[in-house]
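K.L.:
Below are the chains, spelled out letter by letter.
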Amino acid sequence: EDQVTQSPEALRLQEGESSSLNCSYTVSGLRGLFWYRQDPGKGPEFLFTLYSAGEEKEKERLKATLTKKESFLHITAPKPEDSATYLCAVQGVDYKLSFGAGTTVTVRA
Amino acid sequence: KAGVTQTPRYLIKTRGQQVTLSCSPISGHRSVSWYQQTPGQGLQFLFEYFSETQRNKGNFPGRFSGRQFSNSRSEMNVSTLELGDSALYLCASSSAQGAQNTGELFFGEGSRLTVL
Numbered sequence: 139e140d141q142v143t144q145s146p147e148a149l150r151l152q153e154g155e156s157s158s159l160n161c162s163y164t165v166s167g168l169r170g171l172f173w174y175r176q177d178p179g180k181g182p183e184f185l186f187t188l189y190s191a192g193e194e195k196e197k198e199r200l201k202a203t204l205t206k207k208e209s210f211l212h213i214t215a216p217k218p219e220d221s222a223t224y225l226c227a228v229q230g231v232d233y234k235l236s237f238g239a240g241t242t243v244t245v246r247a
Numbered sequence: 043k044a045g046v047t048q049t050p051r052y053l054i055k056t057r058g059q060q061v062t063l064s065c066s067p068i069s070g071h072r073s074v075s076w077y078q079q080t081p082g083q084g085l086q087f088l089f090e091y092f093s094e095t096q097r098n099k100g101n102f103p104g105r106f107s108g109r110q111f112s113n114s115r116s117e118m119n120v121s122t123l124e125l126g127d128s129a130l131y132l133c134a135s136s137s138a139q140g141a142q143n144t145g146e147l148f149f150g151e152g153s154r155l156t157v158l
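Chain order of the listed sequences is D and H. Residue numbering for the first sequence follows the working numbering, beginning at 139 and increasing consecutively. Residue numbering for the second sequence follows the working numbering, beginning at 43 and increasing consecutively.
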């Protein structure tokens, strides 16, 4: 069974204080690794897809990287509006998505 | 372009009752997936429909069922509700055509079900 573990569970940052979130996974034939952002009371919002080790994607202050066993979401110089829960998911050979429990990021001004 | 719309947003039921949730995908999207989100288990995949056919299913009991209509709108039903069914039920649509889902999903805001 595909498994996704995210760490830390929660992260409190000062505005401008860069940090990284970790997503480690085991999957039977990775078709893709996905990052989503979820705000309270909302559904997840798609951020990135990574397909193979070494791949990187960037969007504003966010950068996602992928190795054979884990992915990192780097938040550079975060702002309060970056506060959210960040979810990682993997898609295996059966095309099902398995989500991690998420990392809740709080950025203080 | 309108997003994924789910109704109702909130509902309260008692044990043993049944519930039907509705989802309207983004216009042009033919794939609709359903997820259950709880604090303890996180997001868990229920099932996926494409062109009125269920093409993938998660590990949930048969009390959970769904269907998709010719206009791509989807419903899910939970029968004989249990306390543990209290959760946020999320619908997501995808622009995937004949191929299976790419994992790039557009989620609705969810239907929050409370079972008393």
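Take these hints with a grain of salt, some might be off.
What the hints assert, rightly or not - The following label-pair restraints were derived from C-beta to C-beta distances: (1) D/H212 - H/Q96: 19 to 25 Å; (2) H/R97 - D/Y189: 20 to 26 Å; (3) H/S69 - D/R246: 35 to 41 Å; (4) H/T156 - D/D177: 18 to 24 Å.
Since the hints were made in silico from the structure, they are not lab data. Ideal placement from N, C-alpha and C gives every residue a C-beta, glycine not left out.
K.L.:
Next, verify each hint and record whether it holds.
P.N.:
Comparing the hints with the structure gives:
1. In this structure, D/H212 and H/Q96 break the distance hint of 19 to 25 Å, their C-beta atoms being roughly 38 Å apart.
2. Remark: the range hint 20 to 26 Å for H/R97 to D/Y189 is upheld by a beta-carbon distance near 22 Å.
3. The hinted range of 35 to 41 Å is satisfied by H/S69 and D/R246, whose Cβ atoms lie roughly 40 Å apart.
4. Between H/T156 and D/D177 the beta carbons are some 21 Å apart, a value that agrees with the proposed interval 18 to 24 Å.
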